[in-house]
Amino acid sequence: DPSYVRTPQALLGEEVSLVHADASRIGGDSIARGAALYVTAGCAGCHALAGGGGIVGPRIAGVEAATIAQRVRQGPVGMPRFSTAALGEREISDIAAYLRSLAAD
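Each step along the sequence shown adds one to the number in the working numbering, with nothing skipped, and position 99 is 99.
What the hints contain is simulated information worked out from the structure, not anything from laboratory work. The C-beta atom is built at its ideal place from N, Cα and C for all residues, glycine as well. Some clues are possibly wrong.
[To be verified] Computed Cβ-Cβ distance ranges for the label pairs, DEER-style:
no. : residue 1 : residue 2 : range
1   : 73        : 103       : 17 to 23 Å
2   : 77        : 28        : 32 to 38 Å
3   : 52        : 28        : 21 to 27 Å
4   : 77        : 29        : 30 to 36 Å
5   : 76        : 103       : 17 to 23 Å
6   : 59        : 81        : 18 to 24 Å
7   : 53        : 86        : 20 to 26 Å
8   : 86        : 32        : 18 to 24 Å
9   : 29        : 55        : 27 to 33 Å
10  : 80        : 59        : 14 to 20 Å
11  : 31        : 59        : 14 to 20 Å
Using the sequences and the hints given, assemble the complete structure.
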């Protein structure tokens, strides 16, 4: 959607794309990769850190992986769709693993 404008974010360290972060460059397990991708892919900009929900996006911590994948691909009202070029299946799975881990807290 060309009318969608991302909120600018400040990054420390090596510059990475906010539209697509290469998960192969992020070490750690699925949850660690998901935590990094959650921020670099722009999820935190709307859904807040730790997926608790923000002014723009609802709470997504603990949401099932299939629901996360479906919403990322279809882009519900007000949310942009992410193509497989922007977020691959593994990256979505890692983000979902991170969000599921937050529900346990």
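Numbers of unmet hints, in rising order: none
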